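Visitor: Residue strings, one per chain:
2 protein chains.
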Amino acid sequence: MFIVLKKQFLMIPGPTMVPERVIQAMTRPVINHRGVLFEGLLKDCTQRLKTVFQTNNDVILFPSSGTGVMEAAIANFVGKNEKVLALTVGVFGERWAEIARRYGADVEVVATEVGYAIDPKVVEARLAKDTNHEIKVILVTHNETSASVTNDVQAISAARGSHPALLMVDSVSGLGAMELKTDDWNLDVVVAGSQKSLMIPPGIGVMAVSAKAWAKADVTDNPKFYWDAKSARKALEKWQNPYTPPVSLLFGLQEALKMIEEEGLATIFVRHRKLRNCIRAAAKALGLKLLAQDYCASNAVTGIYPPEGVEAKKVQKIMRETYGVTMAGGQKALEGKIFRIGHMGYCAISDVMVTITMLEMTLVELGMKVELGAGVRAAQQEWMKA
Amino acid sequence: MFIVLKKQFLMIPGPTMVPERVIQAMTRPVINHRGVLFEGLLKDCTQRLKTVFQTNNDVILFPSSGTGVMEAAIANFVGKNEKVLALTVGVFGERWAEIARRYGADVEVVATEVGYAIDPKVVEARLAKDTNHEIKVILVTHNETSASVTNDVQAISAARGSHPALLMVDSVSGLGAMELKTDDWNLDVVVAGSQKSLMIPPGIGVMAVSAKAWAKADVTDNPKFYWDAKSARKALEKWQNPYTPPVSLLFGLQEALKMIEEEGLATIFVRHRKLRNCIRAAAKALGLKLLAQDYCASNAVTGIYPPEGVEAKKVQKIMRETYGVTMAGGQKALEGKIFRIGHMGYCAISDVMVTITMLEMTLVELGMKVELGAGVRAAQQEWMKA
Chain W
1177 MFIVLKKQFL MIPGPTMVPE RVIQAMTRPV INHRGVLFEG LLKDCTQRLK TVFQTNNDVI
1237 LFPSSGTGVM EAAIANFVGK NEKVLALTVG VFGERWAEIA RRYGADVEVV ATEVGYAIDP
1297 KVVEARLAKD TNHEIKVILV THNETSASVT NDVQAISAAR GSHPALLMVD SVSGLGAMEL
1357 KTDDWNLDVV VAGSQKSLMI PPGIGVMAVS AKAWAKADVT DNPKFYWDAK SARKALEKWQ
1417 NPYTPPVSLL FGLQEALKMI EEEGLATIFV RHRKLRNCIR AAAKALGLKL LAQDYCASNA
1477 VTGIYPPEGV EAKKVQKIMR ETYGVTMAGG QKALEGKIFR IGHMGYCAIS DVMVTITMLE
1537 MTLVELGMKV ELGAGVRAAQ QEWMKA
Chain R
1177 MFIVLKKQFL MIPGPTMVPE RVIQAMTRPV INHRGVLFEG LLKDCTQRLK TVFQTNNDVI
1237 LFPSSGTGVM EAAIANFVGK NEKVLALTVG VFGERWAEIA RRYGADVEVV ATEVGYAIDP
1297 KVVEARLAKD TNHEIKVILV THNETSASVT NDVQAISAAR GSHPALLMVD SVSGLGAMEL
1357 KTDDWNLDVV VAGSQKSLMI PPGIGVMAVS AKAWAKADVT DNPKFYWDAK SARKALEKWQ
1417 NPYTPPVSLL FGLQEALKMI EEEGLATIFV RHRKLRNCIR AAAKALGLKL LAQDYCASNA
1477 VTGIYPPEGV EAKKVQKIMR ETYGVTMAGG QKALEGKIFR IGHMGYCAIS DVMVTITMLE
1537 MTLVELGMKV ELGAGVRAAQ QEWMKA
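Respectively, the protein sequence lines represent chains W and R. Heads up: the first sequence begins at 1177 in the numbering used here, then just goes up one per residue. Heads up: the second sequence begins at 1177 in the numbering used here, then just goes up one per residue.
Everything labelled a hint here was simulated from the structure, so no lab data went into it. Computed from a predicted structure; not experimentally measured. Every clue listed holds true.
All copies of an identical chain are treated as equivalent in the list; a pair is satisfied when it fits inside any one copy or across any two copies.
Below, a list of computed lysine to any residue pairs in the SDA-like style, where the Cα atoms sit at most 20 Å apart:
(1) Lys1410 - Arg1210
(2) Lys1357 - Gln1330
(3) Lys1182 - Ala1442
(4) Lys1182 - Glu1439
(5) Lys1182 - Met1435
(6) Lys1182 - Phe1445
(7) Lys1183 - Gly1500
Build the full structure now, drawing on both the sequences and the hints.
Guide: This is the structure:
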């Protein structure tokens, strides 16, 4: 293959592709973060974010990655030695549990086989046994990118029932790609990141906090300054941040949130579901095994096993170097065993079709017997369904 | 089909898609067009353009579209009442002939059936009869976008032999997409535009002028100021333009010429040929009739007849509105009868694959019996050829 001009497709589960409109917004001159222009900007972003979170709760921003706002949730709402029930279906669930341990919590893990979601009945049964209400906080990953699995957060919240534990949701890669009703589902804390379906570069963590969670923050005394949610809430009274916020990213966030409003949340969720269906149909048509079970397959990312005898990293290498399509690999135990296609945020059917087309050629180049066009056809048929 | 985020693909035969690097270069602050920075910019662009033209002749720039520099060629090198032989295979060949008529030339047209190139033997025979050397100028379109046809300019130059007529070539849509050896092929005047394979927006016309053509300019006295090539050549001694040049476009041109150098002309020509082969193979696999004959099919644009009973404009409309792929229609006699896919300049195999994928879905939506994926497969097989 000769070295030829190719366009780049960032098909990883975050950071994701950033729209031109957002890039342009971020090139505006930097403004005073204590001035009136910034106050208008932060107010607008905060109000628009509430729509995306589907909440009337406070929404606060941290200048951080997703992991930062996950730590902020623990630091503010989990007391030392408290019992925490961590529902984990992969690497990011494990990470949140580990953060809680670092803050001295007594973490009990409920895990699943890879590719499966948490069974709400298991949660219900565990909480039913907790008659003394020792469990103070439940942690759950909404969308687990490492396993390409989405947990049914609504059902898990229902399984909690009248148990008083806080339900804290890591929706870093879920928010904006799939349904998340913070208020209707009675979620106490929800955290999200900017570099996923919010369509801007990494650097902003977002957190929605219920009244019940705020009350918990009043009696939780972990050392913190940067992650202090109450000081962030206080600064919001003046539409400011306690310390220097990433001004240019906020210009980008405002523009991205306008784009989300224009397309509409309902349409965005349908788009993500259809993109997932296209990729899964293509993988099946090409005889490839999927990581996640159908019933809990993520709308934001799809993990795929390479054909027998082919290294996943070789597939990724050819895709990236020959065809300009960057996919992710497996994490931890899955390293080298799968590749993952991110399809969240500023991702269109054209990006998915390019990925499938190039994947077919890559598999042929690796000596596999693949019917060229078969994956594309399956994806086309899926896309054209009403 | 629900209204969903889609990305835009400008698949017309110019203006073409502009690379991000070029867009960014054009956002630099405007500079003084009589200052030292501009002189360096124009010198660099001019020298890089000579490489693309494969010439040691003078290369001059006009702030104009392609039509502007076509007129400049007539105004400078064609005298009133002179006999001009216009070799036309489509709309832009006819346009150049018409410009010559407006300047009072006695134009004799050699035309072809649509989809066919000029036969160099016909040119040779006509010139052989011109024993008194009445024909002073030969006009030929290198790449005729309206017919998706490329003329064999090298063979036409050879057919001219020792006849003293100037050979003037409209390579507005050819330069940078396909081989053009200005010096080796003994071309007296070559004109090109910025909005095609030079990968920048419309606004710069380029002209390469041989010593023989300059001598002709000395005895040609059409009224002209803006199009005065000799004044442009004189201004070039100070690396300036006689009047205000489009500074920002020149920033973009410089960046685009760097990209051309990086990919290399030879690779670029192979890319364009392969993109053409992919599209033609796909069209044939889908049972669609091609406008241009195989032997002269353009590497820059491909005209395609819609299936029997389907309006070309309906195909274009669905492609554009549902799938974000903008194609061109037919011109003049071909209006409404064909659609044309531009694949020159900043066009990658991913763009072509998206176009084919979306075209298949469009044809199905129009009720055609199309095997989904068949066009893509044909294009994949073509692309993977050594």
